[in-house]
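J.: Line order of the protein sequences matches chains A and B. For what it's worth, the numbering used here labels the leading residue of the first sequence as 1, then goes sequentially. For what it's worth, the numbering used here labels the leading residue of the second sequence as 1, then goes sequentially.
I should point out that these hints are in silico values taken from the structure, not numbers from a laboratory. You may find that some hints are simply not true.
Stated by the list, open to error - Computed footprint of chain A on chain B; a stretch qualifies when at least three of its residues, placed anywhere within it, have a C-beta under 8 angstroms from a C-beta of chain A:
| # | region |
| --- | --- |
| 1 | 122-128 |
| 2 | 131-142 |
| 3 | 185-193 |
| 4 | 245-251 |
Said to hold, decoys possible - Reference excerpt, derived from the structure (chain B facing chain A, CB under 7 angstroms, subset only):
| # | residue |
| --- | --- |
| 5 | D40 |
| 6 | H119 |
| 7 | M153 |
| 8 | D199 |
Quick caveat, the model's predicted, so the values are computed rather than measured. Where is the CB? At the ideal position from N, CA and C, for every residue including glycine.
Read off the chains here:
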Amino acid sequence: MPTPSRYWREIPQRYRLEAGKCKNCGFIAFPPRLVCPRCQSRVFETIVLADVGKIVTYTIIRVPPKPFSDQAPYAVGIIELDDGVRLTGQIVDFAFEELKVGQRVKIEFRKVYEEGEAGVIYYGYKFVPA
Amino acid sequence: MREVAVIGVGMNKWGELWEKSLRDVFTEAAILALDDAGVDKIDSLIVGCMSSGVFVGQEHLSSLLADYLGQVPVPAARVESACASGGLALRTGWIEVASGLSDVVLVGGVEKMTDVNGHEATYALGTAADQEYECYHGITFPGLYALIARAHMEKYGTTREQLAMVAVKNHANGSLNPLAQYPFKVSVEAVLSSVMVADPLRILDCSPITDGAAALILCQVELAKKLKKPIVKITASGMATDTIALSARREITWIESTYQAAKRAYAMAAKKAEDIDVIEVHDCFTIAEICVMEALGLVEKGKGGKAVEDGLTSLRGKIPVNTSGGLKAKGHPVGATGVAQAIEIVKQLREEAGPRQVKGAKVGLTQNMGGSGGSSIVHIFERG
Numbered sequence: 001m002p003t004p005s006r007y008w009r010e011i012p013q014r015y016r017l018e019a020g021k022c023k024n025c026g027f028i029a030f031p032p033r034l035v036c037p038r039c040q041s042r043v044f045e046t047i048v049l050a051d052v053g054k055i056v057t058y059t060i061i062r063v064p065p066k067p068f069s070d071q072a073p074y075a076v077g078i079i080e081l082d083d084g085v086r087l088t089g090q091i092v093d094f095a096f097e098e099l100k101v102g103q104r105v106k107i108e109f110r111k112v113y114e115e116g117e118a119g120v121i122y123y124g125y126k127f128v129p130a
Numbered sequence: 001m002r003e004v005a006v007i008g009v010g011m012n013k014w015g016e017l018w019e020k021s022l023r024d025v026f027t028e029a030a031i032l033a034l035d036d037a038g039v040d041k042i043d044s045l046i047v048g049c050m051s052s053g054v055f056v057g058q059e060h061l062s063s064l065l066a067d068y069l070g071q072v073p074v075p076a077a078r079v080e081s082a083c084a085s086g087g088l089a090l091r092t093g094w095i096e097v098a099s100g101l102s103d104v105v106l107v108g109g110v111e112k113m114t115d116v117n118g119h120e121a122t123y124a125l126g127t128a129a130d131q132e133y134e135c136y137h138g139i140t141f142p143g144l145y146a147l148i149a150r151a152h153m154e155k156y157g158t159t160r161e162q163l164a165m166v167a168v169k170n171h172a173n174g175s176l177n178p179l180a181q182y183p184f185k186v187s188v189e190a191v192l193s194s195v196m197v198a199d200p201l202r203i204l205d206c207s208p209i210t211d212g213a214a215a216l217i218l219c220q221v222e223l224a225k226k227l228k229k230p231i232v233k234i235t236a237s238g239m240a241t242d243t244i245a246l247s248a249r250r251e252i253t254w255i256e257s258t259y260q261a262a263k264r265a266y267a268m269a270a271k272k273a274e275d276i277d278v279i280e281v282h283d284c285f286t287i288a289e290i291c292v293m294e295a296l297g298l299v300e301k302g303k304g305g306k307a308v309e310d311g312l313t314s315l316r317g318k319i320p321v322n323t324s325g326g327l328k329a330k331g332h333p334v335g336a337t338g339v340a341q342a343i344e345i346v347k348q349l350r351e352e353a354g355p356r357q358v359k360g361a362k363v364g365l366t367q368n369m370g371g372s373g374g375s376s377i378v379h380i381f382e383r384g
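Bound conformation, chain B alone (with noise of 0.2 angstroms):
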């Protein structure tokens, strides 16, 4: 497998674009990643969507994207993993550049989540989950995560004050991004008394409704070199899936999917948890950062919620977790999550976060998820 770098990134502020359609959102987004990149054409084109079809009424997004781009007639895919489709993106254009068969690939992730009211988005939402035996009894996505939330307090003892500390350490990293959604800080008095959506979670808990675009350029890396950019080279990709029906899993509270794609990735780039100097999860839920944490290998089984009390992962702690604000004050455009998610790492590998620097960061990690924990995808990234 050859060697893959990622040349150019591009993003614009993320939030309810009331303004502006998915295929305007998509290419602006795209836009700066091929400016950054100093690239004017592509090979092929990758875009992670969740569900167009339900929010906007379109399928058929890789022609279309590829066409507003000015990119015809080059390949392009529509691919979709849930929530973790963005991250499926990027693995999917990491394959094709890995494997030869392309030498510049432009992936992005979209989602155009406002052109349909409250309830419609929760319906389109509702589809990563079992439609016939969870969504037919009246589970919501939210409800989803206080199930696992409810268990995880009941047997590790997670208190509810440390789940409002995974949302005020996030809107504070979110604070200093200026491309989040919700870019203000909260307090855990906040958090604890916002409105219950499903108990014990509450809306502060809970990832919002955005519009938005993500999009990346992947380059061979020797190519890359005579381009003279600054490089930062994915070095492994790892993907798992689960059950997509949270109560068919063995363990309410333990989410297999990213400790599978997680142990692949370690391998395939020779690392462990305690090498990684920077990491974005997908904090859909603030129970949700906690489980992956602990997938992730970062903090024992159950000792999610400590480490999050404990400042261990907030900015200027040991492990920084969710620099940009995640999912959480970025704003959650589910198909474009997992190409953001890069986006931070590269700035961060780049030293170009600014007031969210982390000093020194050599090895960062993503880790996009589906569902309840349906599907993960784990990505680790390199300065070259």
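So that you can see chain A by itself, here it is in the shape it has in the complex (with noise of 0.2 angstroms):
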């Protein structure tokens, strides 16, 4: 099992949406990085990630990594935001027959798993109907 630090020092981005947004190209980095991926610069300011977007692509799960046996079926999805970032998440709260490309979704904050029998529970974003 993690320790807990494994899980806090990923805090900002899971809660708040943190992101580090490139001073030189503009280029959005979700989670933050040292180095820009387009233009090499090393200079970034924190920003917040947008809180809508759409459904690029999704699947059903039901086959599920052990920490999610309780949950399977449930579906998986890349949404892009509405700034162009584009984060993998569940999406919750549709009957599976409503899902289709495009549609428009908003972020939660949700429980995303629980860990064994004395372990930590495990926050982060989900999306839900917009």
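Since each chain sits alone in its own frame, please combine them into the complex, following the hints.
T.: Encoded structure:
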């Protein structure tokens, strides 16, 4: 089982959607990076991502990894936020047959999964109907 | 750089090898390769393995395997690039011989995947994706390729049946390969009625969990000529990387790392896509073969599904792809796959592929891919 530090060091991204915006070319890195993949600049400012976007593609996971066993089947998609950044995450509060590419969604803060008998509860962003 | 030849190949039947350990599986394949080449000493050993630490709790494979092959104290290295670890081993061995550092190198690949249960295997394979920003949200590897498949279907009109036809073709080829894990045919109807794993991909769209190994002996060409062995030259090695997170790519349906690796390999061998007679690609999922055909330049962007439907890539088609049965039917012990792809091409160029033989094949290509396309390795082979 990982130490809690592995979880809490990602909190600025998972809870608050903090990203790094390259001061040279404007590329938005989520999660933040030290070097811009577009222009190799190393100067970033912290910004907060848009919280609305659309479904680029999606799937329904029917054979889940162990920590998600009690949730299957569930939808996961790649969402393009209105600032152009793409995230992978669960799409919830939809009937599966309502899902379609291009559908508008917004971000909500939710429980992602629970680990083991005495483990941490893991939180983060999920996508819900806009 | 010196010219490099493959002078020996070794592989046993793949499958769920309960009675064999990782070291057994590897050593048996390596012995076959040594015997095929007619050598009993090597200058160095390179082994590709994705995740022996998770699958069997064993790292430090380089020394372990050199020891069990009776080759201590030769230098040995284990290399890793997820499911492209075998291809990376081949590239690393090729560099070592081409550079003049070694004359005879054993390149192997191995994965022992059935010593853990299905959940643990899913976890081990998931380590090839972004742990914090993909796996954290419950995505799996079939799930990632399902995201690609849905996007390809939306964008280009690729059909569910066309995806199934990749599995049908590869199982038809695999039915002719006695070393394949699943050497039987499947029908389109069987694929379409198999259990759903991650919509729209079903279990028969997925490559299996497999135990297996494969090995090659690489040799400097001048020395290979003296050994009077059939020579297959490796005339190009191309590799490229990309983001391991699928969401970070500009185009979900385009495997840029394969395009870049192929571009480098075609330039190095002075060949074009249309010069290739036989190809082994990384069909970890049916959609992967379609995307890879496009990235290799065999067909136009978006036309991969139609090409499979038209039989372009079948055994007697214009560009036979995955004559071995591919990962789909032959099996996919991840670290061994890239090496086994090379074995199929060497057999084809030596005209030893039996009922799978592509008549008069002189130039072959392999494409091995890590994760959802975060790394790709392309090699070109020519009859010596």
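J.: Counting residues of the region 131-142 of chain B that have a beta-carbon nearer than 8 angstroms to any beta-carbon of chain A, does the count reach 3?
T.: holds (count 10)
J.: Taking 8 angstroms as the C-beta cutoff, is the stated coverage of the region 122-128 of chain B by chain A satisfied by three or more residues?
T.: Since 3 is at least three, the answer is holds.
J.: Hint H119/B vs chain A: min CB-CB distance below 7 angstroms?
T.: Holds. Min distance 4 angstroms.
J.: Taking beta carbons only, do three or more residues of the region 185-193 of chain B come closer than 8 angstroms to chain A?
T.: Since three or more residues must qualify, the claim that chain A covers the region 185-193 of chain B is violated, with 0 doing so at under 8 angstroms.
J.: Classify the hint on M153/B as holds or violated, based on whether any CB of chain A lies nearer than 7 angstroms to its CB.
T.: 9 angstroms, violated
J.: The hint names D40/B as touching chain A; please verify it with the least Cβ-Cβ distance against 7 angstroms.
T.: D40/B check fails; min Cβ-Cβ to chain A is 45 angstroms, beyond 7 angstroms.
J.: Hold the hint about D199/B up to the distance rule: shortest CB distance to chain A must be less than 7 angstroms.
T.: OK, holds: D199/B within 7 angstroms of chain A, min 4 angstroms.
J.: Does the region 245-251 of chain B contain three or more residues whose Cβ lies closer than 8 angstroms to a Cβ of chain A?
T.: holds (count 4)
Figure legend: structure checked against the earlier numbered hints; hints not met, in rising order: 3, 5 and 7.
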